[in-house]
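Mind docking chain G on chain Z? Use the hints.
These protein sequence lines map, in sequence, to chains Z and G.
So for the first sequence, our numbering puts the first residue at 1; every next one is plus one.
So for the second sequence, our numbering puts the first residue at 1; every next one is plus one.
A portion of the hints provided could be inaccurate.
In silico BS3-like cross-links for lysine-lysine, where the CA-CA straight-line distance does not exceed 30 Å [what the hints assert, rightly or not]:
hint : chain 1 : residue 1 : chain 2 : residue 2
1    : Z       : Lys209    : Z       : Lys91
2    : G       : Lys179    : Z       : Lys167
3    : Z       : Lys84     : Z       : Lys437
4    : Z       : Lys511    : G       : Lys179
5    : G       : Lys28     : Z       : Lys380
6    : Z       : Lys100    : G       : Lys28
7    : G       : Lys79     : Z       : Lys194
8    : Z       : Lys485    : G       : Lys179
9    : Z       : Lys282    : Z       : Lys434
10   : Z       : Lys424    : Z       : Lys326
11   : Z       : Lys100    : G       : Lys179
12   : Z       : Lys327    : Z       : Lys451
Heads up, incomplete: computed chain G residues facing chain Z, CB under 7 Å, no partners named [to be verified]:
hint : residue
13   : Pro31
14   : Gly32
15   : Ala43
16   : Asp47
17   : Ile82
18   : Tyr83
19   : Ala156
20   : Leu157
21   : Ser164
22   : Leu167
23   : Met275
Across the chosen pairs, the derived CB separations fall in these ranges [to be verified]:
hint : chain 1 : residue 1 : chain 2 : residue 2 : range
24   : G       : Met25     : Z       : Gly93     : 37 to 47 Å
25   : Z       : Val193    : G       : His124    : 41 to 51 Å
26   : G       : Lys70     : Z       : Gly504    : 54 to 64 Å
27   : Z       : Glu176    : G       : Val296    : 30 to 40 Å
28   : G       : Arg229    : Z       : Lys216    : 56 to 66 Å
29   : G       : Leu10     : Z       : Gln102    : 51 to 61 Å
30   : Z       : Val193    : G       : Arg44     : 33 to 43 Å
31   : G       : Leu73     : Z       : Glu68     : 53 to 63 Å
32   : G       : Leu55     : Z       : Glu191    : 51 to 61 Å
It is worth saying that the hints were derived from the structure and are not from the lab.
Just so it is clear, CB atoms sit at the ideal spot from N, CA and C, and this is done for glycine as well.
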Amino acid sequence: MKKLAFIILLILSASLLLAEPNYDGEITVGTDQNPTTMDPALYQDLASSQVMRNVFETLVTYDAAVKEIKPLIAESWKVSDDLKVWTFKIKKGVHFQKGKFQNGREVTAEDVKYSFEREINISPMVRLYMVDKVEVIDKYTVKITLKYPFAPFLTVLTDIGAAIVPKEETEGWGEEFTLHPIGTGPFKLVEWVKDDHMTFVRNEDYWGKEKPYLKKVTYKFIPNKSVLAVALMSGEVDIASDILDQDIPKVKKTPNVDAVMVPGVNVYAVYMNSMKGPTTNKKVREAIFRAVNTDQIIKVLFPNGSGVRAYGPIPPGSWAYNSDIKKLYPAYNPDKAKQLLKEAGYDKLSLTIYTPEDPNRRKAAIIMQSMLKKIGIDLKVQSLEWGSFVAITSKGDADMYTIGWTWYPDPEYFIFYMFHSSRKGTYGNGGGYKNPKVDELISKGESTANKQERIEYYQEAEKLIMQDMVYIPLYHKMVVMGVNKKVKGFTVSPDMMIRLFAPGTNVWVEK
Amino acid sequence: MRKYLIKRSLQVIPTLFFVLFITFMLMKLIPGDPAMVILGPEARAEDVQRFRQQLGLDKPVVVQFFIYLKRVLTGDFGKSLIYKQDVLSLIMERFPTTLTLSTLALFIATVIGIPTGIISAIKHNSFWDLLITILALIGISIPIFWFGMVLIIVFALWLGWLPSVGLGSLENGIWDVIKHLILPSLALGILSMGTITRFTRSSMLEVLRQDYIRTAYAKGLRKRLIIYRHALKNALVPIVTVIGLQLGNLLAGAVLTETVFALPGLGKLMVDAIMRRDFMLVQGEVLFVAIVYIFVNLVVDILYAVINPKIRLSYERG
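Pulled out of the complex, with its shape left as it was, chain Z reads as follows (with noise of 0.2 Å):
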């Protein structure tokens, strides 16, 4: 009897030991995007500042669910009711991994100043634009006065290009520091060679109270996403960043991995030219709106649940999401869009519409082209590569074109870039959509400080934007990572970004 309880607790206790995080894992993740450079101010894709935030921190950060906004390197903050004075308090004892031109020394109220200044000096898209001046109150106080009032100026600082970085190192380094990169991150950068891997080990250093339990974290880089899912199923990746629909249930079915879904902050839409041609008309633009069978195009394009119809441009991912806006949304009628288009005297139309070479997008134009048809419109569909796309989208040159739009879970971040009329000429804004009253109501969401007016404010765009009809909702992508069960505490982010170590988030790797 004494045996077998001793037995069973041997057994018992030896289950905890493998259930507990350790500290020696090590852990690789697959992604098909190349990073370009480590230099937080000078990065202007996803994939550098996905890397980047190994081995950089910002004030303020998101959560793994990119919920809500924690504080990281500052401890707390404070904002003046005109919107444009923001006061941060920086934690003690923050400090900056070794490097060659300073040993590890802590960060300060200056370091905040001199990083932002250098954003704002060095870099082609300036993401610090709204400040006006940066002040050191005291060692480690800072105040940041805006030229206006930015009630999302706190998404902003989340941006890994508003990192704390040393001065020490980038001037040392001058144009290098991209390669010997040197912030206050849980990771240092140890080898990158460009186009096939990235190495990063744990910083042994590390401010936090709480250290990482990863040893040592390695990027592969592989371009073809379905070679993507091959390699983390044979185990060559532990993470996958993006898992193509029609992989999806290959990946399902292989035992030791598993396919994570989670809603993305996107939009994927088709949005007609407002300033020239057939679509200025407002019979035309209902006539495709009621056309178009959009569940019908969502069960083609993600036979495996990857994507999920949309109704408006606010995503649910976003805490200004309305899903009473379904109701405002015109719904499929064949036979009232043949009458409008005849209404708006049209018997036959022809109309182009650009799409880039996502597959996604290509194919939601081709079963539209179908469906157009029926009505006697014309469409064609023109597939172009990423450069020459945006080139005729941004200056206004296509009847429509299907827009991807992903970004922070803000609601100015999608309203304000796709639909002000300041944004024409852009991609964002590409058929120089113009309301009056939808740029009033956005000025009116950046400059409150209360989050439920807000709210409505970007709300209320969003319904008078639908009502304007230029702007039909597709679908919106989850985003899907392939995890290996090996893999622990590990939560798969909205808006794409692969968080090892974050506030709430420490992932290990079971032995």
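Only chain G this time, still in chain Z's reference frame:
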């Protein structure tokens, strides 16, 4: 011989000039403002304008070309707009991968292609000839992309014998790198293999029909001596030509192979650079590849002289 080499070397200069000029102009003709493409759709108009000025895009096109030409002549290929790294150093980082891949692919293609072509020619119209011809045609017709993925699924996923992606690392030993290159070399080499087989076959058939071969048989020489010493040596000139020309196909096919197998080579670098309108990188790479190609052609021409004394004489005379 020396006169010939000098003449050839001088011909290189106008060739390179035209390559550079045409590439430069083609990059300008592609739609899409490089500044807008590089900065991305969220950039503001004034940032795009400022970036254009930084890149010198507001100057007249001909002026831009001569500014570039002057820098190239001093060995400055400029900086990549995307990677912010010196173009020449980026190319040299990647070149070994593409070179190794193409060489291995060509090696496999030649080592398999020539013998099978010879067998096919000797056993003309037999079952073996038919089989080899069909396999060669399949090799020529197979799309590299598809074949590469099939190889990955069979050998990496189902059998687990070989890795699916990447280069491996010399730190883990030379076998690690070779392991990673087997599948991509096979995928890339299959087309050349088919081509070399067919050319060897037809060239050998041509030679075997000649009178001097019949004379050699009549003299009672051993068959193997006839095939390899007399026939093959004469058949080699067109075969070497084809092998030299394969380099062009291999460099082009390398793009697809590098994409499927995730290898950091020149091909992929080039495609990425074109898509992102990194015109400094594109121009530098095209120039580099042109130089390599010209060099390989020169080597091939010298090989002719080595193989065939008649050609050697004609070089020396003219």
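Status of the hints after comparison with the structure:
1. Z:Lys209 with Z:Lys91: This hinted pair holds, its Cα atoms lying about 12 Å apart.
2. G:Lys179 with Z:Lys167: violated (44 Å)
3. Z:Lys84 with Z:Lys437: holds (24 Å)
4. Z:Lys511 with G:Lys179: Answer holds: Z:Lys511 to G:Lys179 is near 27 Å, not above 30 Å.
5. G:Lys28 with Z:Lys380: holds (27 Å)
6. Z:Lys100 with G:Lys28: Given pair Z:Lys100, G:Lys28 is violated - Cα atoms ~42 Å apart, limit 30 Å.
7. G:Lys79 with Z:Lys194: Roughly 15 Å separates the two Cα atoms, so the pair holds.
8. Z:Lys485 with G:Lys179: holds (27 Å)
9. Z:Lys282 with Z:Lys434: holds (14 Å)
10. Z:Lys424 with Z:Lys326: holds (26 Å)
11. Z:Lys100 with G:Lys179: Violated, at roughly 37 Å.
12. Z:Lys327 with Z:Lys451: The given pair, whose Cα atoms are some 24 Å apart, holds under the 30 Å limit.
13. Pro31: OK, holds: G:Pro31 within 7 Å of chain Z, min 5 Å.
14. Gly32: OK, holds: G:Gly32 within 7 Å of chain Z, min 4 Å.
15. Ala43: holds (6 Å)
16. Asp47: holds (6 Å)
17. Ile82: holds (5 Å)
18. Tyr83: holds (5 Å)
19. Ala156: holds (5 Å)
20. Leu157: G:Leu157 check passes; min Cβ-Cβ to chain Z is 5 Å, inside 7 Å.
21. Ser164: Result: holds, 5 Å to nearest chain Z Cβ.
22. Leu167: holds (6 Å)
23. Met275: With Cβ-Cβ at 6 Å, under 7 Å, it holds.
24. G:Met25 with Z:Gly93: 37 to 47 Å: violated (58 Å)
25. Z:Val193 with G:His124: 41 to 51 Å: holds (50 Å)
26. G:Lys70 with Z:Gly504: 54 to 64 Å: Check passed, 56 Å falls within 54 to 64 Å.
27. Z:Glu176 with G:Val296: 30 to 40 Å: Taking Cβ atoms as reference, Z:Glu176 and G:Val296 lie about 34 Å apart, which means the hint holds.
28. G:Arg229 with Z:Lys216: 56 to 66 Å: holds (58 Å)
29. G:Leu10 with Z:Gln102: 51 to 61 Å: Distance hint for G:Leu10, Z:Gln102 holds at roughly 55 Å.
30. Z:Val193 with G:Arg44: 33 to 43 Å: Given a distance of about 34 Å, which is inside 33 to 43 Å, the answer is holds.
31. G:Leu73 with Z:Glu68: 53 to 63 Å: Distance hint for G:Leu73, Z:Glu68 holds at roughly 58 Å.
32. G:Leu55 with Z:Glu191: 51 to 61 Å: violated (31 Å)
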